[in-house]
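With the hints as your guide, set chains B and C onto chain A.
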Amino acid sequence: MSREHILHKVRTALGRTAGPPANDVPPVRLRISEMDSDTRTASLLRRVEALAGKTRRAATPEDARAYVSSILDGKSAVASNAPFLRLCGIPDLPGVQSGFTAAPELRTLCATADVGITSADYALADTGTLVLLSSPQEARMISLLPPVHIALVPQERILTGLDELLTILPDPAAQSSSMVLITGPSRTADIEQILVRGVHGPGEIHVVVVG
Amino acid sequence: MAMADVLERIGYQVDFPEDQTCCGQPAFNTGYRQEARQVARHFLKVFRDSEYVVVPSGSCTSMIVHHFHELFHKEPDMRAAVDALTPRVWEFSQFLLEAAKVDDVGARLEDVVTYHDSCHALREFGIKDGPRRLLSHVRGLELREMDTAEECCGFGGTFSVKFPGISGGMARTKIDSIVRTGARIVVSLDSSCLMQLQGALSRADLPVRTMHLAEVLASR
Amino acid sequence: MSAAFDQKIRNTLADANLQLAVYTATGRLIDHRKHAVQDSVLPDYQELRTQANALKKHTIENLDFYLERFEAAVAAHGGKVIYCEDGTEVADFVLSLAKEHQAELIVKSKSMTTEEIDLNERLEHHNLESVETDLGEYILQLAHQRPYHIVAPALHMTRYEVGDIFTRQLGIANETAPEKQALIARGVLRQKFLQADIGISGANFLVADSGAVVLVENEGNARLTTSAPKIHIAVAGIEKLIPRAQDLGVFLKLLGRSATGQALTVYTSFLSGPRRSGEIDGPEEFYVVLLDNGRTKLLGDREKRQSLYCIRCGACLNHCPVYRKIGGHSFPWVYSGPIGAIITPQFLGMAHEPALPFASSLCGACLEVCPVKIDIPKVLLELRADVKKAEAREGRGRLERLAFKMWAWVMCHPRIYEMAGMMAGGVAPSENGRWLRRVPALFNLPPVSAWLSQRDLPPAPPRSFREMWRKR
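Protein chains in written order, with the numbering used here: chain A, 1 to 211; chain B, 1 to 220; chain C, 1 to 472.
Calculated from the structure, these hints are not laboratory results. It should be emphasised that the depicted structure is a prediction, and the values quoted were computed from it without experimental measurement. C-beta: ideal position from N, C-alpha, C; glycine also. Check before you lean on any hint, since a few could be wrong.
As the list claims (entries may be wrong) - Chain C is nowhere near these chain A residues, computed Cβ spacing over 12 Å in every case:
1. D38
2. P94
3. E156
Said to hold, decoys possible - Interface residues of chain B toward chain C, partial, derived using beta-carbon atoms under 7 Å:
4. G31
5. Y32
6. E35
7. M195
Said to hold, decoys possible - With a straight-line Cα cutoff of 27 Å, these simulated DSSO-like cross-link-like pairs (lysine-lysine) come out:
8. K74(B) to K57(C)
9. K297(C) to K389(C)
10. K471(C) to K45(B)
11. K8(C) to K162(B)
12. K373(C) to K128(B)
13. K180(C) to K75(A)
14. K128(B) to K378(C)
Excised from the complex, chain A in its bound form (with noise of 0.2 Å):
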């Protein structure tokens, strides 16, 4: 079969036979720099604008749920089922349909729905980034079909980057089918070099960190 064959001229290309490696794989190489809370933050939110992201610094869930409310604004809204959300009051605001574990019924909101509101499991203060595992709780089209995403952030969660992220999950795949890391809103430029946002997932997203 294709696949004996292929290994089998992997290993004559090499010289090796099967089994572990011939030399030791070169040490891991993660750096994670020093960095209070509170700059963790101001970075995260800096560096989300920079990439003209929205962002929001809220004191308190009821801060929070008082700017969603104001983005919301009459439009329609599909929120995941993070208790994180819940717990922000998000899922009782106007226009705002949650509560969905069915597939098909749930991507048809979404492919509808105005705003996509999430959680994220961290954040990553050097880039700007959102971090967002799928899971009971949080389906993978709600920060993707919807051309508005709104994501809610514990500030706890916020992380100083990449590299502190695979330090406490060196194994994403252990938890999740999918970890997927939001940098900004959706672009492209393939057109002349002309930036163009919201193609295909959000053109706009807000960052809000709460606590």
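Chains B and C in isolation, oriented as in the chain A frame:
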């Protein structure tokens, strides 16, 4: 000759072994390793006993210092000869700054120049600030940087005649950039670059001339 | 060189608009990268490159181990690895899966590997609609063209050309504003994402310990391609493996910055298998197709196997003065620029375009910016030597070989060398130092004529160096 003048001026005794011809790079770069080896062998014989070999070219220095070793991968004796010689082989500007530890050779040239970073010197030896430092001590000289200083001039040995259209296009991009600086002289430390650039400047009937770094430093 | 190569080069050099487009676009990417890797922003840049090179070297040299490790990890998360020798096997696999599921529509995200094997053409032959969803690739698919650049596929196109393509292929009124064109594509493709039965992606990295596929993008089309349809197939060359998820700390810091100057692209997806139980959405079936297509051949060459370290950032293309003049379509294969120049002869054989390794001035800008430190100039030199050895064996290129043999002989005989110099001086004397625009017909042969087609020749100096030295 300018290089010899400068070296003597700073106190070195300069010898020109008349048997020298070439480092073999043209053959090596075109894929003729056997022929390159022959010429390299001759080179090693000629310079075997030299205390320092100072080379007015980044590409030749690179050939000797980086490629001779692999050319003789089947001949341990020749490899030993290569390894014995290469620490004594220097590109001219590096020799001045790092071996002679001199950055002012008492030169004077009242003119506006721009500097072209020859590829081998820049990328294989990290020669970038050195020549500029040397030029900064030339009395009366004004150095203006072109925006494409680090881009290849397009010579590339036989590339220049195998792909003349591309080579010529690359030269024209450089000379457009040179003209934008308003400089009247282009300086570089590799004669092949200078030949390529001067050839293009001349074809375009531009009044800019080329000078080797050594010629600038030899000026009084 | 082949007539085709020569013609393509000439055409591109003669097209002033195209020259400007390519030079400007690559110039922008050069600037973006420069800002992203400068000392004040990424002080570890050189150290990261060294580490990336070491990781790739280790992985490639132990590739079978990491392939099996990856395979087991994918299976542990409910996915399946399929090994394919070539494009035919990949197409057969996709077709049989499509048949099994009665699939009709496929959406694709950007993958040079699938371009390499002409996957879309193969599938279309069997009446499967396979739609490219990356904006640039979508436009090219409508125009029936190949990508112009590894990262920016439609680099060469103007908005007017895009407008014409859309009008012709989509039957809509002519639209030339890029923002509106992008929205038109968004509308069309949104429907395709939601209706597609299968999503095919490439993979930027395959993570051995996690059994994961890593995809980087800015649009979101790869996320949609891999999350909306019920089936996800990732097609990747066997060389895409890296040992551990934690190694992404090195590679992700280099890829975006080298390609477009972004610290991270908008979306980085880490996908390991079909949806887990409890997860709400995501594919129900997950396949990773591992493609050989000649990679095992490259593996066998100790000096040249570093060509497989490539993470497809495109930096070498952007910085190559030759690419910036002749553009992506002058190259004979889907991979262009310096990386294309070294892998094309190794994959397709030297005879495919023997002149290709010579289409370089060996300036080294590519090596300087390669995030995984592939010594492209060195590999080019090896390939040149291979070409000349093959010519000697096959009795071709005799004239050039003879010329170099004579040249070497002269270079080993200093007295003859000196005489030759004096003779040349006699032939091309200077008139008041002016450089020569033409030479007597007898001497106007290649290479002299080739030189003169672009530049003037230096005149012979009045006295040779040796004469001056002796008089000193």
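Hints, one by one, checked against the model:
1. Separation of D38(A) from chain C is adequate, the least Cβ-Cβ distance of about 21 Å exceeding the 12 Å criterion.
2. Every CB of chain C lies more than 12 Å from the CB of P94(A), the least distance being 24 Å, so the non-interface label holds.
3. For E156(A), the non-interface assignment is confirmed: its Cβ lies about 22 Å from the closest Cβ of chain C, beyond the 12 Å cut-off.
4. Interface restraint check for G31(B): the shortest CB-CB distance to chain C comes to about 3 Å, inside 7 Å, so the restraint holds.
5. Because the smallest distance between the Cβ of Y32(B) and any Cβ of chain C comes to about 5 Å, under 7 Å, the interface hint for this residue holds.
6. Below 7 Å, beta-carbon pairs count as interface contacts, and E35(B) has one with chain C at about 4 Å; its hint therefore holds.
7. Nearest Cβ of chain C to the Cβ of M195(B): about 6 Å, under the 7 Å cut. The hint holds.
8. For the proposed pair K74(B) and K57(C), the alpha carbon gap of about 25 Å is at most 27 Å, so the pair holds.
9. A distance of roughly 19 Å separates the Cα atoms of K297(C) and K389(C); the hinted pair therefore holds under the 27 Å criterion.
10. Under the criterion of a C-alpha separation no larger than 27 Å, the hint pairing K471(C) with K45(B) is consistent with the structure, at around 25 Å.
11. For the hint linking K8(C) to K162(B), the alpha-carbon distance of about 15 Å falls within 27 Å, and the restraint holds.
12. A threshold of 27 Å between alpha carbons decides the hint, and for K373(C) with K128(B) the separation of about 21 Å falls inside it, so the pair holds.
13. Of the supplied pair hints, the one linking K180(C) and K75(A) holds, its CA atoms being roughly 24 Å apart against a limit of 27 Å.
14. Proposed proximity of K128(B) and K378(C) is supported: the alpha carbons are some 22 Å apart, at most 27 Å.
Taken one by one, the earlier hints all hold for this structure without exception.
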